[in-house]
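Visitor: Protein chains in written order, with my numbering: chain R, 1 to 294; chain F, 1 to 260.
FYI, nobody ran anything at the bench for these hints, they're computed from the structure.
For clarity, every value in this text was computed on a predicted model and none was experimentally measured.
Glycine included, every Cβ here is placed at the ideal spot set by N, Cα and C.
Hints may be right or wrong, so weigh each one.
Computed Cβ-Cβ distance ranges for the label pairs, DEER-style [as the list claims (entries may be wrong)]: (1) GLY198(F) x VAL14(R): 38 to 44 Å; (2) ALA28(F) x LEU107(R): 52 to 58 Å; (3) THR165(R) x ARG81(F): 46 to 52 Å; (4) VAL108(R) x ARG81(F): 37 to 43 Å; (5) ARG71(F) x ALA92(R): 30 to 36 Å; (6) PRO231(F) x ASN187(R): 52 to 58 Å; (7) PHE117(R) x ALA28(F): 56 to 62 Å.
No farther apart than 20 Å at their CA atoms in a straight line, the calculated lysine to any residue pairs in the SDA-like style are these [stated by the list, open to error]: (8) LYS163(R) x LYS103(F); (9) LYS103(F) x ALA131(R); (10) LYS119(F) x GLY168(R); (11) LYS119(F) x THR188(R); (12) LYS119(F) x GLY147(F); (13) LYS103(F) x GLY168(R); (14) LYS178(R) x THR186(F); (15) LYS163(R) x THR117(F); (16) LYS163(R) x SER143(F); (17) LYS164(R) x ILE124(F); (18) LYS132(F) x THR186(F); (19) LYS178(R) x LYS132(F); (20) LYS182(F) x GLN206(F).
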Amino acid sequence: MSGPLLLQSLVLGVLLGGLYALLAAGLTLYFGVMRVVMIAHSAFLILAAYLAWFFTRETGLDPLLSLVFTVPLFFGAGVLMQRLLISRLRPATLTMMSVLLTFSIALVIEGTLGFAFSGTHRRIRLPYSGAHFELFGASIAVVKLIGFGLAGFSLVALYLLLKKTRFGQALRATMQHKDAAQLVGINTDRVAGYGFGLGLATAAIGGTALSLDSTIYPSLHWHWIGPLMAVIVVGGLGSVPGAAIAAMALGLGQSLLQIPLGTTWAQTFFYVALFATLMLRPQGFFGGRLAQRF
Amino acid sequence: MASEQPPEAHDEYLLELVDIEAGYGRAALVLRGLTVRVPPASVVCLVGPNGAGKSTVLKVASGMLTPRSGRILVGGKDVTRRGPQRMLDAGLSHVLQGHSVFKEMSVSENVLLGAYTIKDKAEIAERVDFVKGLFPVVADRWSSLAGALSGGQQKQVEFARSLMVSPRVVLLDEPSMGLDPKAAATVFEQVARMRDAGTAVLLVEQNARRGLETADLGCVLDLGRVHISGPAADLLADSSLGELYLGTRRPDPTAPTTTP
């Protein structure tokens, strides 16, 4: 493998890993707070990408501006979804049932997108779509860099929110010991609702970042959920930093393997990592010590 | 000593659980008309066999479990059917059985979360000083990760957390469980110090003898009712109780029998 090609792959891997990290952070949040496996996370991601595309087509404005609407909208949808649907599930079987419930939500979103926008592949055309610059012989697309910046910014904001605010304290306490959290006066139901909203808000940002650079279609979310689930298992379920580190590692791995294997086979890297983790370290590489810490 | 009598004649009780019936889901009742009263500045210890409903009493008192019938009074005010947040406001703070620190947070974060419902910064600072004075380990390990502390130290962090709201009554569920004898002794000492610092304690203990030695009043629970209650010293001296509930070692040396 030549030097510049390797560098190019590394750069693309890092940029991709950043986006994976943001999306996996949302997934791991649902699991950490509520033990919910959220299959519909990537469907919301694609929904946000469609909304960004639609916003730009209708208004001619930059898709990033759609975040002003989609972030609060998704947050509200997350709170409602938790309060009206997830909280109805019986605690004893919550994790299994949440898979069924969120699977059906994913299908509803996919169907609605197909109905509203048809199955046609869509892509946002921007004045800076083709722009890129060179860095030591590697070419970096501006849209990818914007996506990475957006992911990085959101992750830092999420970290600060969880670490420094009163709500973040309450959320972490709820994740670590729900009964004790209730007994210090935390309204754990409300916290769970906001936690879910926060997770969906990350999907809004991730989807918008994705829309800058990808061709989207209603069933695209199936391509995303597998790798994202693999990321949070490798990272240790419930660990936000674990998910971020695993996302970066797997994103890099995928990018590097694309050269010898091609894009289709490179994708299998996630599943190989998933199986290896389950065999060697089922608690994930950051479960236990790092889990639940931010 | 008569059964079903208030522990002692006091004009005013901090906490009164009157005629409580409670249970989980559709299963049979756990508490069947239980009455317990906690006077100011005292430690009341509930003892009894497994399944007598000791922990359930505390869950009812802290609002984690709503009783089917009966009344809960705090300082004479009816607080029946309130959730945990409002029971906390009323002055009842509950320390759960087993380890319930937030393990992946620091000791300081744990203690300050105890003041989650308090807005006044000055009051919080004052309470922090108070709990640091009462529990030296909290001051010494202020920045450590709570999960890295020993079991006995974690218990003290939980005590400190529960005292941040200046509760009228602290509800302690088996604080000595799983601790080595030395750590358990420290925990009982701390319980007495909490009382001396002005907080009444409703204590549930599997280790009945140590619990009653620390307590002022004792209630023996059986099948969801108070079987016998009275000054803790009297219960300890009662040889028939010793045989039934306090283990084989008898308090009365003159009593005939079993090897010590």
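Visitor: It remains to establish, for every hint, whether it holds in the given structure.
Guide: Here's how the hints hold up against the structure:
Our hint of 38 to 44 Å for GLY198(F) and VAL14(R) is violated, since their Cβ atoms are close to 59 Å apart. At about 43 Å, the beta-carbon gap between ALA28(F) and LEU107(R) misses the expected band of 52 to 58 Å. Between THR165(R) and ARG81(F) the C-beta distance comes to about 32 Å, which lies outside the given range of 46 to 52 Å. Between VAL108(R) and ARG81(F) the Cβ separation comes to about 39 Å, which falls inside the hinted range of 37 to 43 Å.
Between ARG71(F) and ALA92(R), the C-beta spacing of about 32 Å keeps the proposed range 30 to 36 Å intact. Judged by the Cβ atoms, the range 52 to 58 Å given for PRO231(F) and ASN187(R) is violated: they are separated by roughly 40 Å. For the pair PHE117(R) and ALA28(F), the supplied restraint of 56 to 62 Å holds, since their beta-carbon distance comes to about 57 Å. Between LYS163(R) and LYS103(F) the alpha-carbon distance is near 15 Å, which keeps this suggested pair within the 20 Å criterion.
Restraint check for LYS103(F) and ALA131(R): not satisfied, since their Cα atoms lie roughly 48 Å apart, outside the 20 Å limit. The hinted pair formed by LYS119(F) and GLY168(R) meets the criterion: a straight-line CA distance of about 17 Å does not exceed 20 Å. In summary, the hint linking LYS119(F) to THR188(R) is supported, as the alpha carbons are separated by about 19 Å, within the 20 Å threshold. As the CA atoms of LYS119(F) and GLY147(F) are separated by approximately 27 Å, the hinted pair breaks the 20 Å bound.
For a cut-off of 20 Å, the pair hint linking LYS103(F) to GLY168(R) stands: about 16 Å separates their Cα positions. Restraint check: the Cα-Cα separation between LYS178(R) and THR186(F) comes to about 27 Å, which exceeds 20 Å; the hinted pair is violated. For the hint pairing LYS163(R) with THR117(F), the CA-to-CA distance comes to about 19 Å; that is within 20 Å, so the pair holds. Note on LYS163(R) and SER143(F): the hinted pairing holds, with a Cα-Cα distance of about 15 Å set against a maximum of 20 Å.
Restraint check: the Cα-Cα separation between LYS164(R) and ILE124(F) comes to about 18 Å, which is no more than 20 Å; the hinted pair holds. For the hint linking LYS132(F) to THR186(F), the alpha-carbon distance of about 16 Å falls within 20 Å, and the restraint holds. Distance hint between LYS178(R) and LYS132(F) is unfulfilled; the C-alpha atoms sit about 25 Å from each other, more than 20 Å. Distance hint between LYS182(F) and GLN206(F) is fulfilled; the C-alpha atoms sit about 17 Å from each other, no more than 20 Å.
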